[in-house]
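As a plain string of letters, each chain reads:
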Amino acid sequence: MTGQPGDPRLEDELRTVLRRRDPGAATDVLRSWVQDVPEEAESTKPSQLRRPFAAVVGLAAVILVAVIGLTAPRHLGPATGPGASSPVGTVASASAVESPVGAFDPTLQGPGVSGTDDLSPAIPVVLACAALGILAMTVRGRRRFFPAIVAVVLAGWAVVAALIPVTVLDSGYGLGLNTVRAPQVPGSGEELLYELAPANGRFSVGLYLLADGLLPIRIEGIVSPLFGRDPRSFLPEMMPTALWIDREPNGGMSGPIRPFTPFDMPRSGQSIWLVGRAGACALGSAFDPSNPAPVLGFQGIDSLDVRVSVLGWPRTVHLTLRFRLVEPERQSCPEPTPEPRSSPSAKPSSR
Amino acid sequence: MLGSLVAKPIGDEKRLEALRVTDLRADTFRGLVDRQLDGAYRLAGVILNDRIEAEDAVHEAAVAAWRGFAGLRDPTRFDAWFRRILVNECRDRLRDRARRARDGVSRKLIEAEHPRIADASEATAARDALDRAVVGLTLDEQVVVTLRFYSDLTVPGIAEVLRIPEGTVKSRLHHAMGRLRTALEVAER
Chain A
315 MTGQPGDPRL EDELRTVLRR RDPGAATDVL RSWVQDVPEE AESTKPSQLR RPFAAVVGLA
375 AVILVAVIGL TAPRHLGPAT GPGASSPVGT VASASAVESP VGAFDPTLQG PGVSGTDDLS
435 PAIPVVLACA ALGILAMTVR GRRRFFPAIV AVVLAGWAVV AALIPVTVLD SGYGLGLNTV
495 RAPQVPGSGE ELLYELAPAN GRFSVGLYLL ADGLLPIRIE GIVSPLFGRD PRSFLPEMMP
555 TALWIDREPN GGMSGPIRPF TPFDMPRSGQ SIWLVGRAGA CALGSAFDPS NPAPVLGFQG
615 IDSLDVRVSV LGWPRTVHLT LRFRLVEPER QSCPEPTPEP RSSPSAKPSS R
Chain B
707 MLGSLVAKPI GDEKRLEALR VTDLRADTFR GLVDRQLDGA YRLAGVILND RIEAEDAVHE
767 AAVAAWRGFA GLRDPTRFDA WFRRILVNEC RDRLRDRARR ARDGVSRKLI EAEHPRIADA
827 SEATAARDAL DRAVVGLTLD EQVVVTLRFY SDLTVPGIAE VLRIPEGTVK SRLHHAMGRL
887 RTALEVAER
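Residue numbers (the working numbering), protein chains in the order written: chain A, 315 to 665; chain B, 707 to 895.
It is worth saying that the hints were derived from the structure and are not from the lab. Every residue, glycine too, gets a C-beta built ideally from N, C-alpha and C. Do not rely on the hints blindly, as some may be mistaken.
Among the chain A residues that face chain B by a calculated CB cut under 10 Å, a handful are [as the list claims (entries may be wrong)]:
# : residue
1 : Leu-523
2 : Gly-527
3 : Pro-530
4 : Arg-532
5 : Thr-634
6 : Arg-636
Chain B side only, calculated, beta carbon under 7 Å to chain A, not exhaustive [stated by the list, open to error]:
#  : residue
7  : Thr-734
8  : Val-752
9  : Ala-768
10 : Val-769
11 : Phe-784
12 : Ala-835
13 : Leu-836
14 : Asp-837
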């Protein structure tokens with residue numbers, strides 16, 4: 315029969331090997347599937363189409379999960395903690411005007427201030443969950459559990475990271491470069507700061523941030539006020555240009571500072587310095603805080619949109635400042651001139 | 707007008723009759739498949755060496771059988787007919803697996819994905835070598851060997867299931883057994 319009669323041992327061994335593969339009786343799941351075949355075959359598309367369909371959906375799911383997997387770690391990577399070593403020279407406190415020149419550079423633009431908001435991964439996550447769900451319904455057998463589990467994990471991450479409330483509070487402030495505190499009106503609780511930098515000059519103000527929420531929060535920076543605005547309607551307003559991190563332990567505002575990099579918010583809070591450029595019509599030091607009446611007008615900042623990430627999910631938190639920072643403007647404002655980049659009007663070592 | 711009024715109930719009756727026939731056929735089909743479901747699953751499991759894929763293969767075979775069931779002239783031939791469909795489905799799956807292996811998916815990955823159904827306590831080096839040698843046979847040889855030594859079909863029976871000449875069955879068995887013998891001898895040295 316085998317072509318080599320008289321080889322019973324090989325045949326016995328072969329039978330044993332094949333019997334080892336025997337999976338036993340059909341499972342109840344299979345029995346149920348087969349019983350459903352007549353209805354299923356009438357109502358569903360031909361099974362020949364199922365595999366290519368599952369392949370296409372599976373490929374789409376893999377691509378989407380890969381996109382999410384590549385973008386989320388950007389917000390989860392090792393943060394440069396507030397106490398980490400400084401890549402840039404440091405200075406002492408805000409009052410240390412005599413610090414080395416070139417340490418704190420108020421003309422530095424960019425760190426911590428984003429011209430755009432981070433794209434939410436919500437759409438890729440929804441699409442990936444849909445693709446994985448379709449895949450789980452298309453695939454037969456226990457393999458369907460894999461896409462189903464991935465979809466559940468993905469959806470769980472999205473719900474927790476995107477919906478669990480988190481809050482960023484401004485619980486204190488510090489006066490920095492070209493900022494002074496306005497005399498408080500008796501009976502008024504409003505904290506008013508004047509920004510007295512010359513036109514297109516630099517100012518800074520310290521913020522003491524606290525985070526509130528169940529989940530760890532990573533501070534990614536702030537959204538530029540220009541985001542979402544038509545550039546043609548741009549006015550030469552006072553504008554945040556950079557953030558600096560104060561490295562003083564315990565969240566103080568007199569330690570060495572360094573340009574902003576994303577950091578995980580400590581429980582004890584963290585001080586940062588908001589550096590900005592004054593508007594082209596700024597009155598500057600000619601303004602008398604004790605007699606503000608002759609001024610044409612004011613513009614100011616009383617809130618910021620803070621970019622944070624929670625478990626790798628980027629979010630924007632609206633931060634209402636404890637103070638209102640206002641800039642007195644001249645009565646006659648000349649046409650705006652290009653910003654002088656190399657000749658800051660501020661003393662370079664002062665915050 | 708009168709014609710259409712008269713024709714309508716006749717059309718409904720025809721549809722109801724068609725549904726009754728379909729239900730009857732479905733019940734018959736379920737009974738026939740269920741009767742040999744265990745054997746079919748076992749055969750698919752032995753050919754494919756993978757429980758999950760065996761489930762899929764039996765299900766796909768059942769779907770294909772239902773689609774062709776209305777055209778089956780002799781219901782007494784259902785068992786052989788269904789086994790032929792199942793074996794073809796298993797062969798397609800073995801071919802897919804081999805293609806994936808050729809396309810760079812390593813054998814290790816396939817084995818990790820499709821764990822072998824083996825009892826470690828029974829495993830011996832020689833049997834493991836023989837098992838690997840079975841996997842190394844051509845797809846057609848694997849099917850013929852399984853039908854011969856697991857299902858205990860005769861050469862004419864295998865030829866009928868596979869719809870190939872008996873001589874081809876003998877030839878495949880001859881080549882397969884030669885390679886398996888060599889593998890066993892090497893393992894026992």
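Does the CB of Val-752(B) sit less than 7 Å away from some CB of chain A? Check passed: Cβ of Val-752(B) comes within 4 Å of chain A, closer than 7 Å.
Is the shortest C-beta separation between Ala-835(B) and chain A less than 7 Å? Interface hint status for Ala-835(B): violated (10 Å vs cutoff 7 Å).
Does Asp-837(B) meet its interface restraint, that is, does its C-beta lie within less than 7 Å of any C-beta in chain A? holds (5 Å)
Restraint: Leu-836(B) near chain A, CB-CB cut 7 Å. Satisfied or not? Given a least distance of 5 Å, the restraint on Leu-836(B) holds.
Was the hint right that Leu-523(A) lines chain B, CB cutoff 10 Å? violated (49 Å)
Hold the hint about Pro-530(A) up to the distance rule: shortest CB distance to chain B must be less than 10 Å. violated (36 Å)
If you take the shortest Cβ to Cβ gap from Thr-634(A) to chain B, is it below 10 Å? Violated. Min distance 55 Å.
Are Thr-734(B) and chain A close enough, Cβ to Cβ, to be under 7 Å, as the hint says? Cβ of Thr-734(B) sits 10 Å from chain A, so the hint is violated.
Minimum Cβ distance from Phe-784(B) to chain A below 7 Å? violated (14 Å)
Given a cut of 10 Å on the nearest C-beta pair, is the interface hint for Gly-527(A) held or broken against chain B? violated (41 Å)
Holds or violated: the hint that Val-769(B) contacts chain A, with Cβ atoms closer than 7 Å. Holds: closest Cβ of chain A sits about 5 Å from Val-769(B), inside 7 Å.
Interface hint compliance - Arg-636(A) to chain B, C-beta minimum distance less than 10 Å: Status violated, d = 59 Å.
In this structure, the hints that do not hold are numbers 1, 2, 3, 4, 5, 6, 7, 11, 12, in rising order.
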